[in-house]
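Enquirer: Single-letter residue listing:
There are 2 protein chains.
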Amino acid sequence: MASDRPTLDTVAAVAGVSRMTVSNAYNRPDQLSAATRERVLAAAATLGYAGPDPTAASLRRQRTGTIGVILTERLPYAFTDPGMVEILRGMTTELSDAGMSLLLVPESGGEDDSSNRTAELLRHAMVDALVLCSLDPGDPAVAAAQERKVPLVTIGHPKLPHVPMVGIDNEKTAAMVAPYLYGLGHRRFAVLTVGAGIYGIRNRPGFISRPSGFIDELTRLGVKAEDVVICEASEHSRSAGKAAVGALLATPTKKRPTALFAVTDILALGAMDAAAGAGVDVPGELSIAGIDDIPDAAAASPPLTTIDQELFEQGRAAIRLALRQLAGEPVRAPRTKTELLVRGSTAAPPR
Amino acid sequence: MASDRPTLDTVAAVAGVSRMTVSNAYNRPDQLSAATRERVLAAAATLGYAGPDPTAASLRRQRTGTIGVILTERLPYAFTDPGMVEILRGMTTELSDAGMSLLLVPESGGEDDSSNRTAELLRHAMVDALVLCSLDPGDPAVAAAQERKVPLVTIGHPKLPHVPMVGIDNEKTAAMVAPYLYGLGHRRFAVLTVGAGIYGIRNRPGFISRPSGFIDELTRLGVKAEDVVICEASEHSRSAGKAAVGALLATPTKKRPTALFAVTDILALGAMDAAAGAGVDVPGELSIAGIDDIPDAAAASPPLTTIDQELFEQGRAAIRLALRQLAGEPVRAPRTKTELLVRGSTAAPPR
DNA sequence: CCTTCTTTCTGTAACGATACAGAGCTTGTC
DNA sequence: GACAAGCTCTGTATCGTTACAGAAAGAAGG
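Sequences listed follow chains A and B, in order.
Residue numbering for the first sequence follows our numbering, beginning at 1148 and increasing consecutively.
Residue numbering for the second sequence follows our numbering, beginning at 1148 and increasing consecutively.
Simulated from the structure, these hints should not be mistaken for lab results.
A hint or two may mislead.
Which copy? The list can't say, so a pair holds if one copy fits it or any two copies do.
Derived SDA-like pairs: lysine to any residue, alpha-carbon spacing no greater than 20 Å straight-line [what the hints assert, rightly or not]:
1) Lys1371 to Asp1443
2) Lys1296 to Val1478
3) Lys1484 to Glu1460
4) Lys1319 to Ala1203
5) Lys1401 to Glu1364
6) Lys1296 to Pro1199
7) Lys1296 to Ala1192
8) Lys1371 to Thr1400
9) Lys1296 to Thr1193
10) Lys1296 to Asp1151
11) Lys1296 to Ser1384
12) Lys1296 to Asp1156
13) Lys1296 to Ser1170
14) Lys1296 to Asp1200
15) Lys1296 to Leu1188
16) Lys1296 to Thr1154
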């Protein structure tokens, strides 16, 4: 039955007009008479013409109408992270306004092989610009993205030359929590982060720099290193966060830290789950604070004290920067505000 | 400085080889000697060649390596819906394995104008196949998608001729909740759904068919229509769900329904928020059940009784069906399992 | 030494559209 | 009636690749 797909020429021949007229019928209705246009569209309908081929049109137009995004973790993992989802939401908001689409490039495979696969996918991605989201500077995807020679924007990390970056200073932001908890009277602390080099999941820079920023600040306040316990989750998830503080909660009350700083809200919520399970009162016996202010943070009970880093706005800003580069306008990276939101999960230590 | 972008020809000339050899250097390393390949790549590096243009390559190859997704709601809204996110997660899982990318087509603009805009974007989307997610049959995006003449898959709705559909039977699924609650002893019910024709947000078919499936089943069990109160949220969000049951909770205890069925977990959680705020004990004074089994459902307190409809698997299945069509293999829509998960938010009515 | 493979590389012919510049033909104006 | 100004419509020249078929040259085999 159906032989080859009809093209503009096929339609043009049937409608008895030139190929350009058919093209105009789709793209510039004002360039031809209504009568001709209808005749062309009728011919197209008869032939089952699907409309101008988007790929061919993009090639000719030299633009794709798409912005690509590379996320830290493998794509399916990214969707389990409310913080990432919030960034994506911000990006799509801005893209909606611009009438552009979003291309999510997955990380296929795992282990070391992923380097080649990702680079390969990136090479074939039809995009006008790329946004790199919290990638490790050494990630092969970063190099592959740079080779593409399209406008680039990074979120969180890494800072590349000539590439605008959106995000917060992880060390400084984490450091904000220290004086607050110290001021409440806490002297024994725990830090919950994701362990380095976890199989199958790449580490976000924040998993290293946030703990150190927090601890450095504590040190400055006079807290001794031995009074800071570090808990490492096996991955960035609520359940892993819960599991990671199990041992901590099992230590005798006298010795146990009275405040826990989790480097993300996900982990903080996991810690709250663990506390609830172990019968440890939050904030009565243990204060918990996080970073991100994901939607679940405020809805938790007690509501989680955290630092809002405007993830939604970061997503918007990233796309805006990409669009500005495409338009040839000058770009300068915006400052992202961070604000400590004191809620119910933190209080003075017991006694 | 930088004049025109170098192309394959430019590189070929500099490396002293034919254009095809340069192409092969990138795509088929086994088709040329290692020495030549290095020479070519060196020339490319010198020229600042970004690699073969993905759009041109796609045109020639007649495939994009991308599957497009159209979601019910405007894209930014979709990311606030954990159910949608779960479906997306499933889709990306399957796409990762296939080494393909995901294109999210936004709904730009709002109001009626959106019809044209969406169709327009769909027309330019460079994809090998499209997945339509819970769209209303009358949505202009549905027609636009069909005109594209690429393999199609729908999730949830609508059922289109020759298009495989993934999803559950909304009426039957909702009907499963009725005998369970009735069996617990409940006789006065409330249904929480999203009101029809809300501005700026299109309605998913489930918002209509689920309430009717539930109510029909109740009727069959002998419950009178006057003993079923319908609450309509202004949009599909937790807070709107909370607001929508405010009046309900304010009614005198004697008259108040003892069981509430929310057509989605989001709404159910909103109802739980409202109950908590109004001091109504769940499940002591009010049983609440939802549909979806989103991650937050199990984590809620009390954990939410709901129906698992395997959203993650639905996402995977949709992509699998699309890929199978692309491969020219026969497709048949899979059955999605639904299972009532009885948790802590439902119990026998008071007294 | 001739034949038959391999290996390595090259030309030609699409892939399916759009930008741009202009060609006819009306219409309007004085 | 001549000339400018619109409106429609048409050719030509790319956009930057890859598929395919084969050519040239050296290796292997008898």
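Enquirer: The structure should be examined with respect to each hint, and the outcome stated for every one.
Expert: Against the structure, the hints come out as follows:
1. Taking the closest pair of Cα atoms, Lys1371 and Asp1443 never come within 20 Å of each other, the shortest separation being 33 Å inside a single copy and 38 Å across copies.
2. Taking the shortest alpha-carbon separations for Lys1296 and Val1478, only the intra-copy value of 17 Å comes in at or below 20 Å, while the best inter-copy value is 40 Å.
3. Taking the closest pair of Cα atoms, Lys1484 and Glu1460 come within 20 Å of each other only inside a single copy of the chain (10 Å); across copies the shortest separation is 38 Å, beyond that limit.
4. When the C-alpha separation of Lys1319 and Ala1203 is checked against a cutoff of 20 Å, the pair qualifies neither within a copy, at 48 Å, nor between copies, at 45 Å.
5. Taking the shortest alpha-carbon separations for Lys1401 and Glu1364, neither the intra-copy value of 24 Å nor the inter-copy value of 57 Å comes in at or below 20 Å.
6. For the identical chains of this complex, Lys1296 and Pro1199 are inter-copy neighbours only, at 12 Å across copies versus 28 Å inside a copy, given an alpha-carbon limit of 20 Å.
7. Taking the shortest Cα distances, Lys1296 and Ala1192 sit within 20 Å of each other only across copies (12 Å), while inside one copy they are farther apart (40 Å).
8. Taking CA atoms no more than 20 Å apart as the test, Lys1371 paired with Thr1400 passes inside one copy only; the shortest distance there is 19 Å, against 57 Å between copies.
9. With identical chains, the CA atoms of Lys1296 and Thr1193 are at most 20 Å apart between copies only, with a shortest distance of 14 Å across copies and 43 Å within one.
10. For the homomeric pair Lys1296 and Asp1151, the shortest alpha-carbon distance between copies (13 Å) is at most 20 Å, but the shortest distance inside one copy (36 Å) is not.
11. With identical chains, the CA atoms of Lys1296 and Ser1384 are never at most 20 Å apart, being 35 Å at best within one copy and 41 Å at best between copies.
12. In this assembly of identical chains, Lys1296 and Asp1156 lie within 20 Å of each other by CA distance solely across copies; the values are 18 Å between and 34 Å within a copy.
13. Taking identical chains as interchangeable, the C-alpha atoms of Lys1296 and Ser1170 lie at most 20 Å apart only when they sit on different chains, with a minimum of 18 Å there against 30 Å within one chain.
14. Taking CA atoms no more than 20 Å apart as the test, Lys1296 paired with Asp1200 passes between copies only; the shortest distance there is 11 Å, against 25 Å inside one copy.
15. Taking the closest pair of Cα atoms, Lys1296 and Leu1188 come within 20 Å of each other only across two copies (16 Å); inside a single copy the shortest separation is 39 Å, beyond that limit.
16. Within a single copy, Lys1296 and Thr1154 get their C-alpha atoms only as close as 32 Å, which misses the 20 Å cut-off; across copies the closest is 13 Å, which meets it.
Violated hints, listed in ascending order, are 1, 4, 5, 11; each of the other numbered hints is respected by the structure.
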